[in-house]
Every structure is written in C-alpha cells, then in structure tokens.
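Residue numbers (the numbering used here), protein chains in the order written: chain A, 1 to 50; chain B, 1001 to 1795.
Simulated from the structure, these hints should not be mistaken for laboratory data. A portion of the hints provided could be inaccurate.
Okay, derived cross-link-like pairs now, DMTMM-like style, lysine to aspartate or glutamate, Cα gap no bigger than 20 Å in a straight line [claimed, not checked]:
| # | chain 1 | residue 1 | chain 2 | residue 2 |
| --- | --- | --- | --- | --- |
| 1 | A | Lys-27 | B | Glu-1169 |
| 2 | B | Lys-1400 | B | Glu-1353 |
| 3 | A | Lys-27 | B | Glu-1123 |
| 4 | A | Lys-27 | B | Asp-1170 |
| 5 | B | Lys-1400 | B | Asp-1170 |
| 6 | B | Lys-1750 | B | Asp-1420 |
As the structure is a computational prediction, the values presented were derived from the model and not from experiment.
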Amino acid sequence: MSVLYLLIPLALVLAAVAAWACVYAIKSGQFADLDTPAERILWDDEPVGR
Amino acid sequence: MTPAAVAAPPDACLHCRQPLGSTQVDGRFCCPGCASVHALLQSQGLETYYRLAPEEGRPAPRPTGREYADFDDPLFWTRYGRELPDGTCAIDLRLDGVHCGACAWLVERLPRVIPGVESARLELGRARADVRWDPRRTSLGAIAVQLDRMGYPPHPYRADAAESADEREDRAALVRLALAGALAGNVMLMAFALYSGELASMSPAFRSAFRWGCLALTLPAVFGPGRVFLRGAWAGLRARSLGVDVPVSLGMLAGLIAGLVNTLRGVGDIYFDTVCVLVFLLLCGRWLERRQRRHLAKVGDPLQTLIPTQARRVVDGEPREVFRDALRVGDTVRVLPGERFPVDGEVASGRSEVDASVLTGESRPQPVGPGSPVFAGSRNLSWPVDVSAQAAGEATRVGKLLEAVTRDARQKVRVVQLADRVASVFVVVVLALAAAVAAAWWSHGPSLALEHAVALLIVTCPCALALATPLAVGVALGRAARRGLLIGDGSVFERLGTPGQVWLDKTGTLTQGRSRLVVWEGPEALQPLVLGLEQGSTHQLARAFREAWTCGPETPSDVTHGPQGVEGTVAGRRLRVGAPAWILPAEAPAWWSGFLARAGDASPVAIEVDGELVGAAAFGDPLRPDAQQVVDALRERGWEVGILSGDYPAAVAAVGAQLGLDPARCHGGLSPEDKLAHLEATDAPTLMVGDGVNDALALSAASVGLGLRGGAEGTLTVAHAYATRDELAVLLDLLDVAASARRTVRRNLKLSLGYNVLAASLAAAGWISPLLAAVLMPLSSLTVVGSSSQAGRLP
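Generate coordinates for the entire structure from the input sequences, incorporating the hints supplied.
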C-alpha cells in the first residue's frame, strides 16, 4: 500500500495542472462570452480572409 | 442553400422575414434598406446568412447611409482605437441590430468583404465587435460604411473604468470558484479514505498522512478563495454590522483551527472536508448571483447614446462630417431631419420642428426658426437646419444632467439585506449556545467540552443561510431577464416589499411616445394618393401615415414641401396635405366640426384633392394599449398611481382623467429637478417608471427606478431595472418577480434556520461527528438550492 505515498502526490500534481489550465483559460477571457462560441460551432468550415 | 430557407411566407420580406408593409419594394422586400442589404449579401456570396437566420425573422435595422468620416478623425482614433505591436489597428465597436448567430456569422465574414481587414470577432451578448485591420490597406471609415451597409450601424464602444473593473472582478470570482472546487474535491477524496479507514482499521501511518494531506489543502482553500469571507467579516466588524460573512468566517476558522490542533496532536476529530465544501458552495452561490446581475452594467457611455458621434460642420457653406469631440463653440452644424442635435446652440438658418421629449417630456413637436435655442439630444423632425454651437459634449445641458445623475447614483447606499439582519442575531445566538454547551459539558472534562463547542460552531456555520439570498435572487434575476426585464441587483426585490407610490412618466411611458394617426375622416381610396404624396419624406407625419396604412402608394410627381404642408400631383390628381388654416375653405363643410371634436387634443391635418376638401386626419400620442389595465392592476395591489411629466399640465390632466387617476397626483410641466423633488417628498416606497433623460434624476432617486425601452438609453445606467420589452406590463412582471423572490428568500431562511436548530441540538447532545457534519451541511445547502429554483416564477 505504500505506493499511495507516490500516487497521491502524483494525483495532486495532476489536479494542480488542471487547476492551472482552468485559471489560464479564465484569465485569457475564454469564459467572458458564453453565447457566441455556441453559435460559431454550428457554422460550416470555409476559408475566412484572403 | 436548403429549400427550407427559401420557403418564407409569400408576403414576407426576403431579407428580414417581416410582413411587407406600405414601404415594400417590388413585392419582395419590406423596405429599401432590406433590399440593399440583400443585394450586398448576394453580390458578396454571403447567402449563407439566410440559412443561419431564424425562420420567424426579426426587424432588421436599416442602413443609415452615413459617411463615417468622423471615424477617420485622428481625435476619434486616439479616443477609441488601439495599435497592436505588429502594426495593425484594432477597435471595439458596438453594433446596432445584432440579434442572433447569423449576425455574428455575417460580421465575422468582414475580412472577405474588405481587403485589409485582418479579423472581426463579435460578442453577441454585448453586440461588441473586435475589428482588426491593416491601416495601409483600408481605413476605419471604410469598415464602418461596410458594416452600415450590411445593416449593423457601428458606434465606438468605450468600456468605462467601472466596466473594466467589473470584468476583472468577474474573472477573479471565477478563478476563486475554480480553485475552491479543485481543493474541495481533493480534500473530500482524502476524507473519504479517512472515513472508510475508520471502519476498516487503517494503519496509523496512513491515517496521519491523510490528515496532514487534508490540512495541506484546506489552508490554501481558506486563505485563498475563502479570503473573501474573512475580508467581508472583518469589514463588517469594523463597521459594527454583523453580516452573514461573520458567522461563516467563525465556522470556517473554528473548523480550521480545531483541525490544525488535532492534526498536530494526532488525536481528535478534523472537519477539513466540511470547511472546504463550505467555501466552495458559498462561492458557487455568490458567483451565480453575480452572473445574473451583470446585465445592467453593460451600458457604456450614456452620453454617447444620446448625442451622435458624428456631426456635420458647415465650413464655407460646405457640410463635412466630423467627429463630435472636434466641434467647438461657434461652429455651424447642419442637422438633417431624423437626426439628433449634437450640440446646444441657436438655429442660424432654416425652420423645422424639434422633438425634445427625451429632454423635457413635451410630446408636441416644437417649431423652431432662426434664433430659437435647440439642445443636444433632441431630434430634428422636419427640415434641415443650421445651428450655431454654444456648448458641446459634456458642457451641454444633457451632458450636465447625466453627470449629475451618475454622481448621485454613485453616492447611493446599499440597503441591508434580510439575510444580513438575520445573520447578526444568528452570530450572537450561536456564540451564546457554544458557551452554554461548553459549560454544560465542563464536568466531563475541558477537552471534551471544547470539542463539543467547536463542533457546534462548525455545524451551525450558516452555509444554507448564506446561500439563501444569493441563490434565490440569482434565479429570480435570470428568470426576469428572460422575460425582458433586466434588474440591477437583488436589493430591488426587498425595496418593493410594501406597496407605496408609483410615479409614471407620461410621454413614452404611459403613451407611445411618437405621433400616430388617431383619427381619420375620408374615403379609403384617398389613402394611396396621400401615401404617394408623402413617399420618401422623412417628416414625422409621413411616417405616421405609412405606419397606419398598409396599402401601396401611388406614383407622385412635382411634389413640393412648404412650411404649411405638402402639395403635388399623384395619379393625375392635384393633392394638398397640411395645416387646416392653409387648406380649409372660407366655409368649412358640416363634418369638419364633428371631426375636430373627435380629434380633441390631437393635431389636425386637412387633405384636399383637386381643390376640394375631402378628408382629414388627426395626429396625437395615444396611450399604450395596456396602460389602463396596468394602472388598474397596480391599484388592486395597493399602490397609489400618479403621473410626473414635463408635458403641458393640460395634456397630463387629460391623460390622468382618461385613466381615472386622482387629479392631485397628476403633475405636469415639471423639470427634471421638480420630478426629483416630488420623489423626495414621498415617504412611502417609490417606484418610478420613465424613459427619457428628463426622468433620469428621478429614476435614480426613487426606491426603484424602472427604465423603459424605446426611450433614451441614458436612463439605463441610473435605473435599477430596465425593460427590453416595449410594454408597460413589464411593470407588473417586476412586482410579481419581486414578490416571488421575497417569498423564496423567506422560505430559504426558514429552511436553513430549521437545519441549524437541528444541528445545534445534535451538537449540544454531543452526537456530531465529522462524517455527520460532512453529510448534513451539503444536504441543507441542496434543500436551499431546490427551494430556490422556484424563485421568480410568475403566477
């Protein structure tokens, strides 16, 4: 069972990475607009710009 | 394109899918604006728009045909634009007429339409577009013209300091929530191991490791995301008001300290999981409330919505579009019919009629001529005039008024919420109980007594109490928003608790706020002739004729507009439409006096065909169709109803009498300051409903101010609630939602206090274990969540 001493810190490191990713997403404004991306996903792919 | 997209009803506009009216273009479009947007989309290969647009359609805004030269003004650029490191330029624009995903699609196709635009991103919620372009290949003016031609007239979007601070706080709240959730989840996992370990005799080494692990995660949860509660409690203590943060912090710290001591000692109970879940749940409740009340803050610069950003400065007789801020005192400015005046000043040349109802509440257009004063924000109705500027920007009358209003709104004190009042009693009771429990158990040993007292502090930590208000309010705010009622914050619900005095503005609130055809006398065959004569005119009466009748216009020729009216030849007949004094023969026909009696307060217009008086129309500002019903419903609920208006006292009295109001409560001829005085003289709770800038002071001073759509958006920033539906009945919805929200808050408080009584008795008896606390607390919170889902339901 002593493998827990390795696995639990490892799990916590993973959790920390996930939390960091979430905080990064919030800070870069990915949660600021929740309406438009829901529509954007429905558009067909096509070249934008020239 | 799918066949479904083409199959619009045969009598609907191909572009906006609205029914065709009298302004239709060759039976396919409802107006020339829609026709031009449709042609543009066809030529650019952007027909996909019609596949994405909602079937039922929405009224599309018309292209304004502006030149947007002001957008290329260097002053404009320094004020609103920004330059990116790679040499491209960027600006945030607020677009009119954005309503669905198809609009976002179309706006984001901008780079395909204008070479040189790098990207365009639209945020639907705020109709805000972030546009980036290469200044060597195109200009902002060209981009603005293109957006206008697509049917999205752009305005500069300036996030003020308050709004960007709000945005930062939004992000911080979400970060706190995320961290608290991650910590609580992991602490719960380890606590689970501890609880099951107790049943399966876990080895002491593991037990100690898990306890230290829990402690290591709880410390950052309490002092990281949980710091908001500690800070709130500290601020409350210093202000000598015990809010709900105080008992929350008490329970949180008691759990943390007891757990810390017991972890160090290696014996005794720890409550780390309960503490972490507490922090997480409370943050959830607060974030929910915050998310729902954001709507109102998204307004932008109120002055900007009232004064157009562009103006036409006349230099050497040539009008040129300039940016508003470039105007100086003494400049001559040309204002076309339908536009708002950009400056305060004096008419230099030209005659017209001005609608100043936004500023003064006067419903009748005022005639102006050389020398007449005109004010920024009012609308020119009939003819182009040149104005010599005497004040511009914030120095104008409307600018000063708005400044006074926003200053007032900032000084406003927040009302104490019911939960805070309950909480201050709660703290005292819990502390007394804890002392009593400790005293009662003292004979069994001090350590046991202390343990029970601490357990009591933790389990009575008012998680449900702290969630009771934010959850109920958040749900109610969200529900109200879906019904077209944006409410600033939950204290509005508390302030509508007892019926008091409702003050209604007249022009635009009780009435429809624009000239409409109210009486018509004459043969139906006359209507296409009149429409033909008025075709293409921007005069307000021409618009009222077009709105009233659905028949198609006849083709006119040699139409001349004069100060008295219009004349011209339509379908071979000579027509004159205008003031009765101009047209009426020496001996008026018998029906004329009957017509005048029916017209009453409305302004009459006579119609002559081939030298003979054959018809007449009267224009007025009729009551909204639901006005009577709303007034009756308000009285039934015990509210006193009155009118505060800037219009002539006689007009106000007439409307009051029509609605059956007490004449002593119908006040006319009031300035914004007079309205304010009336509100301050009322002791009972006041609910002010208005739509103009002249109501803004009163709206902010009332217990609750409700701004109506269709009025000046400047009222938005100061009103406590704002209706996006142009109906008076939203007023009743507001009262219903508030009543339902208050009922839910009270039920939540009862539930959470009931739970606390139960938990306190268990703790006093010494039956509380960490496992029981960990189950009870989320359970009580869930009950409150379930109960809150009913908040804001309309009967």
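Results for each hint:
Restraint check for A/Lys-27 and B/Glu-1169: satisfied, since their Cα atoms lie roughly 11 Å apart, inside the 20 Å limit. About 24 Å separates the Cα atoms of B/Lys-1400 and B/Glu-1353, which puts this hinted pair outside 20 Å; it is violated. Under the criterion of a C-alpha separation no larger than 20 Å, the hint pairing A/Lys-27 with B/Glu-1123 is consistent with the structure, at around 17 Å. For the hint pairing A/Lys-27 with B/Asp-1170, the CA-to-CA distance comes to about 10 Å; that is within 20 Å, so the pair holds.
This hinted pair does not check out: B/Lys-1400 and B/Asp-1170 have alpha carbons roughly 31 Å apart, beyond 20 Å. In summary, the hint linking B/Lys-1750 to B/Asp-1420 is supported, as the alpha carbons are separated by about 14 Å, within the 20 Å threshold.
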